[in-house]
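*Asks:* Given the coordinates of chain A, work out where chains B and C should sit on it, guided by the hints.
As a plain string of letters, each chain reads:
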Amino acid sequence: MSTVLYDAAGPRARNRYRLYGLLTTLAVVAVLAYVVWKFYDTGQFSGRKWSIFQYEQVQRTLLSGLGNTLKAAATGAVLALAFGVLFAFARLSDRAWVRVPAGLVVELFRALPVVVMIFLIYYGTLANAGSASTFWSVVIALTIYNGSVLAEVFRAGIAAVPRGQSEAAYAIGLRKSQVLRMILLPQAVRAMLPAIISQLVVLLKDTALGFLITYRELLTEARQLASYGEFEFPTIPVAIVVGAIYIVICLALSLVATWLERRNRERGRRRTADRNVQMGAGEPDAGA
Amino acid sequence: MRMRRMAVLAIAGALALSACGKDSEEEDAGAAPAPSAATGVTLEGSPTFDKMTSRGSVVIGVKEDQPNLGYKDPTTGEYSGFDISVAKYIASKLGFGEDKIEFKAVPSANRETAIQGGQIDYYVGTYSITDKRKEQVSFAGPYFIAGQDLLVRKDDNSITGPDTLDGKTVCSVTGSTPLQRIRDEYKGAKTIEFQKYSQCVDQMLSGQVDAITTDDAILLGYAAQQPDELKVVGKPFSEEKYGVGLPKDDKVLRDKVNDVIEEMETSGEWQRIYDATLGQSGSTATPPPLERY
Amino acid sequence: MLETLTDNWDLFVEAFRTTVLLLIVSGAISLVAGTLLGAMRVSPVPALRTAGTAYVTLLRNTPLTFVFFFVAFGFPRLDIRFSYFAFAVVALSAYTSAFVCEAVRSGINTVHVGQAEAARAIGMTFGQTLTQVVLPQALRAAVPPVMSVIIALAKNTTIASGFGVMEAGAIGATLNERGYPAFDAMIWVAVGFVIVVLPLSLTQRRLERAVVRSR
Chain A
1 MSTVLYDAAG PRARNRYRLY GLLTTLAVVA VLAYVVWKFY DTGQFSGRKW SIFQYEQVQR
61 TLLSGLGNTL KAAATGAVLA LAFGVLFAFA RLSDRAWVRV PAGLVVELFR ALPVVVMIFL
121 IYYGTLANAG SASTFWSVVI ALTIYNGSVL AEVFRAGIAA VPRGQSEAAY AIGLRKSQVL
181 RMILLPQAVR AMLPAIISQL VVLLKDTALG FLITYRELLT EARQLASYGE FEFPTIPVAI
241 VVGAIYIVIC LALSLVATWL ERRNRERGRR RTADRNVQMG AGEPDAGA
Chain B
289 MRMRRMAVLA IAGALALSAC GKDSEEEDAG AAPAPSAATG VTLEGSPTFD KMTSRGSVVI
349 GVKEDQPNLG YKDPTTGEYS GFDISVAKYI ASKLGFGEDK IEFKAVPSAN RETAIQGGQI
409 DYYVGTYSIT DKRKEQVSFA GPYFIAGQDL LVRKDDNSIT GPDTLDGKTV CSVTGSTPLQ
469 RIRDEYKGAK TIEFQKYSQC VDQMLSGQVD AITTDDAILL GYAAQQPDEL KVVGKPFSEE
529 KYGVGLPKDD KVLRDKVNDV IEEMETSGEW QRIYDATLGQ SGSTATPPPL ERY
Chain C
582 MLETLTDNWD LFVEAFRTTV LLLIVSGAIS LVAGTLLGAM RVSPVPALRT AGTAYVTLLR
642 NTPLTFVFFF VAFGFPRLDI RFSYFAFAVV ALSAYTSAFV CEAVRSGINT VHVGQAEAAR
702 AIGMTFGQTL TQVVLPQALR AAVPPVMSVI IALAKNTTIA SGFGVMEAGA IGATLNERGY
762 PAFDAMIWVA VGFVIVVLPL SLTQRRLERA VVRSR
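Residue numbers (the working numbering), protein chains in the order written: chain A, 1 to 288; chain B, 289 to 581; chain C, 582 to 796.
Chain A on its own, in the form it takes in the complex:
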């Protein structure tokens, strides 16, 4: 797409681009060098700081943090998908008493910060019911927020399926629920898969909010390790290691989304692409 913005470069332009390229590279190298120098200057490469990772207990702590992160993300993902499908169907219902409340719920939950929801569930349920753990506070908050976003994604996906599909389905005598379930949803999911996966990346990233109620996920453990005085407060080493872990996991998921998106687009080109399908997925990626 970007190629239409400029002509193939002529000799003068090519030189100019080369100069800009060089300047950019220099700028990037300068920034990186500054960062490394800053790390070095403030003693971030000292052996004592990094030695914290040598301890088996510390490794186990990080690993259990990662396990808790993935556990919350996996549970939340499954529940959010179910929530999303349910509320997407509810919003497409013919009955106003189903459609309207479902719409309100989805709109409300999308307007609230996940942080506020986590606190609400944590303080609310713990004080009254007495058994919900930090794990469930995080999972439920992630479920209702991301589930609401996914409900909109599913709805947009269903709306983008060509009309003829549902008309044909009704014509062969399928009921509305069957049309939704057997004809529209599968097509919508395929078209929306990239958007769905990027929302799941958002969900995974948001598990880091668990630190607010001390759910012992990866970042909570990292913050704890970073403040140990015996290791000269290894904030930067811990941040580098934990940041790398987060980026690798999220990037892997994101790459799947990008790959699916490209495959969809190629298929779409072969058929007749409905641009609105891509446009409708505006909301995702908006989380923390």
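Be careful, since some hints might not be right.
Distance condition first, Cα-Cα at most 20 Å in a straight line; then the derived EDC-like pairs of lysine to aspartate or glutamate [as the list claims (entries may be wrong)]:
hint: 1; chain 1: A; residue 1: K49; chain 2: B; residue 2: D361
hint: 2; chain 1: A; residue 1: K38; chain 2: C; residue 2: D765
hint: 3; chain 1: B; residue 1: K478; chain 2: C; residue 2: E698
hint: 4; chain 1: B; residue 1: K519; chain 2: A; residue 2: E167
hint: 5; chain 1: B; residue 1: K420; chain 2: C; residue 2: D765
hint: 6; chain 1: B; residue 1: K456; chain 2: C; residue 2: D660
hint: 7; chain 1: A; residue 1: K49; chain 2: C; residue 2: D660
hint: 8; chain 1: B; residue 1: K420; chain 2: C; residue 2: E584
hint: 9; chain 1: B; residue 1: K442; chain 2: C; residue 2: D660
hint: 10; chain 1: B; residue 1: K475; chain 2: C; residue 2: D591
hint: 11; chain 1: A; residue 1: K49; chain 2: B; residue 2: E517
Please keep in mind that the hints were generated in silico from the structure rather than gathered at the bench.
*Replies:* Positioned in the frame of chain A, the structure of chains B and C alone reads:
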């Protein structure tokens, strides 16, 4: 275990430093003599105790970032300190040996919720007894008297007490009484909240805050840990009575824990625990009188 | 329930003022930085494209909470010292600009190919094509997704409460400390957020319709 360790190394990537996990450094400082568990303890009419017995273990809420008080060693995962020893002693008298104790780190702001929600059976972690808190939980004790003080950088002579805090940034943990007092009574000070004291210490050593305020017992623990960088001002300006936090309606358990604390104080066990932990900083203390209710 | 709000009205006002301030400052910075990043990503210079893509990919795949952690706890360790409010602005802007960039880029993609081709045909350079022909149209199409990003930013400001900034997300803990039920406090915070976010959502919807009509 080996597989796990390799997985961590693979994920972290940057850990090329070593291929073997150290177990821990030899360090047994702060360990008090381990009490042996009482047998045949029964408490008629205590729902919390019933829960402990049916579970077969006791879950105790503690702090994990207060050296010499409630501290979790990052390299061994072991808890140690004055509060920990008190918690262990109480557990032993309730019939739970060290292997039947599960420590759970709960930060100040979440203490009431954790006790009310039954996530923990009781809480021992610099928990000041106040009337407001008594509306939500109940207290056995006090088992220790502390006073609010200030921790500053060693080379900082401008702060000599709470009256000299004008324009300074004071750090404490979210949901703690000391910070509220600074806000109410010394309005010239800027206040910053974090979830843990260790984060305040981190921020002070890196120059973002000027002083940390909380009970002297906690501050002395940090000063002892980094004597070249930190010092305690040493003019306590309040009195904090540390109690054992319990579910509000469990009077039976509260009376029992009060009995245990009394026994601990009269038998000399209290002094032994103190000397092995906080006493290492050179300070002395005597057990406070109980306030039963 | 109500007295939790009325007794602490000052706190609520003060905290939400900080929230809105965080939103406005970080929002403005993110819009500018994000548009620049978007321009980098469609530029003819490969190095600029790579740098832009690398930044966006990195930031989009990092939890915002982690960015906060790195800035608020990491920077002081590197002898970089600002107020916690400034740290929060840095973290929010660094993160949000990556999302603004993607929204702007999606806007650029909606501009018809013929527009850019016509601009080039009359001899415009890349810079002229972008700033005078493509971006004005692209930004209009990008408004709804950018608004989504800004709404997300409004909600994300609450994370600053964990990193030394007294804003709306911190009200619960503060009132808990004052002895009010934290749950009631959070209900009022939620109401406050609906009030902050609702106008943004309504504007977004109106603009969305306007964009669709203008096509």
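*Asks:* Decide, hint by hint, whether the structure agrees.
*Replies:* So, going through the hints one by one against the coordinates:
1. In summary, the hint linking K49/A to D361/B is supported, as the alpha carbons are separated by about 16 Å, within the 20 Å threshold.
2. A threshold of 20 Å between alpha carbons decides the hint, and for K38/A with D765/C the separation of about 45 Å lies outside it, so the pair is violated.
3. A threshold of 20 Å between alpha carbons decides the hint, and for K478/B with E698/C the separation of about 58 Å lies outside it, so the pair is violated.
4. Among the hinted pairs, K519/B with E167/A is inconsistent with the structure: their alpha-carbon atoms are about 79 Å apart, more than 20 Å.
5. With a CA separation close to 17 Å, the supplied pair K420/B and D765/C stays within the 20 Å bound.
6. Proximity of K456/B to D660/C is assessed by CA-CA distance (about 19 Å); at most 20 Å being required, the pair is judged to hold.
7. At most 20 Å may separate the alpha-carbon atoms for a hinted pair to count; K49/A and D660/C meet this at roughly 16 Å.
8. Between K420/B and E584/C the CA atoms are separated by roughly 17 Å; this keeps the pair inside 20 Å, and the hint holds.
9. Restraint check for K442/B and D660/C: satisfied, since their Cα atoms lie roughly 19 Å apart, inside the 20 Å limit.
10. Taking the CA atoms of K475/B and D591/C, the gap is near 16 Å; set against the 20 Å cutoff, the hint holds.
11. Straight-line distance between C-alpha atoms of K49/A and E517/B comes to about 17 Å, which keeps the hinted pair within the 20 Å bound.
In summary, the structure is inconsistent with hints 2, 3 and 4 from the numbered list given earlier, while agreeing with the others.
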